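Per the working numbering, numbering of the sequence shown is gapless, rising by one per residue and ending at 260.
Take these hints with a grain of salt, some might be off.
Ranges between beta-carbon positions, derived for each pair [as the list claims (entries may be wrong)]: (1) Gly-169 - Arg-62: 45 to 53 Å; (2) Thr-236 - Pro-66: 39 to 47 Å; (3) Gly-107 - Gln-178: 39 to 47 Å; (4) Gly-169 - Arg-239: 18 to 26 Å; (5) His-206 - Thr-41: 19 to 27 Å; (6) Leu-152 - Lys-192: 30 to 38 Å; (7) Glu-253 - Val-132: 18 to 26 Å; (8) Cys-50 - Asp-79: 30 to 38 Å; (9) Ser-232 - Thr-41: 13 to 21 Å; (10) Gly-229 - Val-174: 32 to 40 Å; (11) Leu-38 - Arg-142: 40 to 48 Å; (12) Asp-79 - Thr-188: 17 to 25 Å.
If you are wondering where the hints come from, they were derived from the structure by calculation, not from laboratory data. Keep in mind it's a predicted model, so treat the numbers as computed, not measured. Think of the CB as a built atom: it goes at the ideal place given N, C-alpha and C, for glycine as much as any other residue.
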Amino acid sequence: MRVALFVTCLVDGLFPDVGKATVGLLERLGCTVEVPRAQTCCGQMHINTGYLREAVPLVRRHAAAFAGYDAVVAPSGSCAGSVRHQHAWLAAEAGDPGLAAAAGEVASRTFELSEFLVDVLGVTDVGAYYPHRVTYHPTCHSLRVLRVGDRPLRLLREVGGIDLVELPQAEACCGFGGTFAVKNPDTSAAMLADKMHNVLSTRAEVCSASDSSCLLHIGGGLSRLRTGVRTVHLAEILASTRAEQPEVPPR
């Protein structure tokens, strides 16, 4: 299967290891992965903040960059959700039926990582090994826009060595919400405090999620409090193998 990696801006600019992990995982499962060089921002930020005219060229570029692939995979429910639910609508609103058709065609082949693994490849055990205590934060866009359900948890439950613990009030927003955190900093901080309290209550070593944006927000808060809890993207856990774990010296 010829798969295109939709890198996303945050992964490309701040979390390149997430992109590398996604490629490594998909290749391990038999996919041929390409990273289209023409891809840029998908325009989600512009659309969500009302800059619809400015987003149209980004949608046009995205549709052209990802045309012709069997599937497009993104390690982000947020960005995959934008492609699936905003691109064709925006093109139609702009009076460009040709672009709407092209965007809709790409959207029909675009998947968030856990969707692709479970629904397209039909696997839940990806051969991962991650001997750590982990809790999982289901992000708002993956839950409410893409409706990925328990797919990420089904994948994590099959990871060797993992101690997966339930996150209290898991479906509550972490407070990031893109520009929401900038426009409403006090509310965002209060929501983050609640999320961190719940993460810390699990005594997990790692908080995972499928969106780098949420992990950036949660990880920043946990780091500032010096909690010692790390944030790790779902793709990085699923890409981990026993061979990659550091050796523990004998006592």
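Each hint, compared with the structure:
1. Between Gly-169 and Arg-62 the beta carbon distance is about 50 Å. The supplied range of 45 to 53 Å therefore holds.
2. At about 42 Å, the CB distance of Thr-236 to Pro-66 agrees with the hint of 39 to 47 Å.
3. In this structure, Gly-107 and Gln-178 meet the distance hint of 39 to 47 Å, their C-beta atoms being roughly 45 Å apart.
4. At roughly 19 Å, the beta carbons of Gly-169 and Arg-239 sit within the given window of 18 to 26 Å.
5. For His-206 and Thr-41, the Cβ-Cβ distance of about 44 Å falls outside the hinted range of 19 to 27 Å, so the restraint is violated.
6. The supplied range of 30 to 38 Å is broken by Leu-152 and Lys-192, whose beta-carbon atoms lie about 22 Å from each other.
7. Separated by about 19 Å at the C-beta atoms, Glu-253 and Val-132 satisfy the suggested range of 18 to 26 Å.
8. At roughly 24 Å, the beta carbons of Cys-50 and Asp-79 sit outside the given window of 30 to 38 Å.
9. Look at Ser-232 against Thr-41: about 37 Å separates their beta carbons, and that is not inside 13 to 21 Å.
10. Range check, Gly-229 to Val-174: about 22 Å between beta-carbon atoms, so the 32 to 40 Å window is missed.
11. At roughly 26 Å, the beta-carbon separation of Leu-38 and Arg-142 lies outside the given 40 to 48 Å, and the hint is violated.
12. Asp-79 and Thr-188 have their C-beta atoms about 34 Å apart, which leaves the hinted 17 to 25 Å range violated.
In summary, the structure is inconsistent with hints 5, 6, 8, 9, 10, 11 and 12 from the numbered list given earlier, while agreeing with the others.
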